[in-house]
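K.L.:
Starting from the known structure of chain A, fit chains B and C onto it as the hints suggest.
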Amino acid sequence: MDIKVVFHLDWDNEDPLIMALTNMENLLKEVSAEDASICLVANGVAVKLFQLERAEPYASRIVKLAETGVRFCLCNNALRNMGIQQDELLAPCEIVPAGIMELIRLQAEDCAYIKP
Amino acid sequence: MDIKVVFHLDWDNEDPLIMALTNMENLLKEVSAEDASICLVANGVAVKLFQLERAEPYASRIVKLAETGVRFCLCNNALRNMGIQQDELLAPCEIVPAGIMELIRLQAEDCAYIKP
Amino acid sequence: MDIKVVFHLDWDNEDPLIMALTNMENLLKEVSAEDASICLVANGVAVKLFQLERAEPYASRIVKLAETGVRFCLCNNALRNMGIQQDELLAPCEIVPAGIMELIRLQAEDCAYIKP
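Protein chains in written order, with the numbering used here: chain A, 33 to 148; chain B, 33 to 148; chain C, 33 to 148.
Just chain A, with the same shape it has in the complex:
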């Protein structure tokens, strides 16, 4: 079975991010990375969780997941509102114009939605 899933974060709270990372790691024990399309979309104040200093405690987990193909997408509306520049963010993060559009688009493409 091919796995398609998007995880959604919108609050400035590390717990749901840690939960999402654990979920992804568990998932990748069940299916090979080639059979999985896994994405995390952060909008609202959740984008702060990916700032370099803030992300230090879990950065290595994000980098390792990104290396297996997991995408980490941050909402540009949110980054702009909070004055956060791309060079302040963990390297594997992608910027998408509107996080909410990405969440809708991915579900329209049959991704499961998980809100940790």
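Derived from the structure by calculation, the hints contain no laboratory data.
Heads up, some of the hints might be wrong.
Each pair may be met inside one copy or between any two copies, as identical chains are not told apart.
The calculated lysine to any residue pairs, modelled on SDA-like cross-linking and capped at a C-alpha distance of 20 Å, are [said to hold, decoys possible]:
(1) Lys-61 / Met-114
(2) Lys-36 / Ala-140
(3) Lys-80 / Asp-44
(4) Lys-36 / Glu-141
(5) Lys-61 / Ala-130
Treat the numbers as computed from the prediction; the structure is a model and nothing was measured.
P.N.:
Only chains B and C this time, still in chain A's reference frame:
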């Protein structure tokens, strides 16, 4: 691309409502209202957020979104449990018999689900 | 209309569980149990909510729902991490290897997703 999305609120907490309103406003900068089917369903204690006095700080945003076609659906089971009458609610709100049924029905019709 | 829905719990908090039970009970007033496929998946620390002593206040509601066909699925990764044995759990609970896989699989089979 046509946009179909339902936002779900179930707690007596303004923050996720404000997040949903911001998400909707951002969405309507990306797509025209004619191409979007946007609905918010509130069940459980979240229906209190739409009482006239309580809703004052964000009422104008709800009214403006409703004018562009966004639907605000409140669960009648919840309203009845809390003894809230329709005339105590913001004018654009619709009452649906069971919020949970509406959430399932909309997803069965290919709406994306967003839980702020 | 046939109803297919999965409720997701992942935190050690009774409120979303009570909300889910109420949602399910309301749902089963609208549709007959034969026309509904209702599942709850608990992963992460939410599995603790189904330990016998802890679950006492709402155990009878879970048992009654299970008798009408509602499934209560607990993540084995989570149970193992927390050292919880099957005989410590409410009888109607099923154990699934990975909660996250179950959530993705059910949504791929057109279940609506609800996060209380």
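K.L.:
Could you work out which of the previously given hints the structure breaks and list their numbers from low to high?
P.N.:
none
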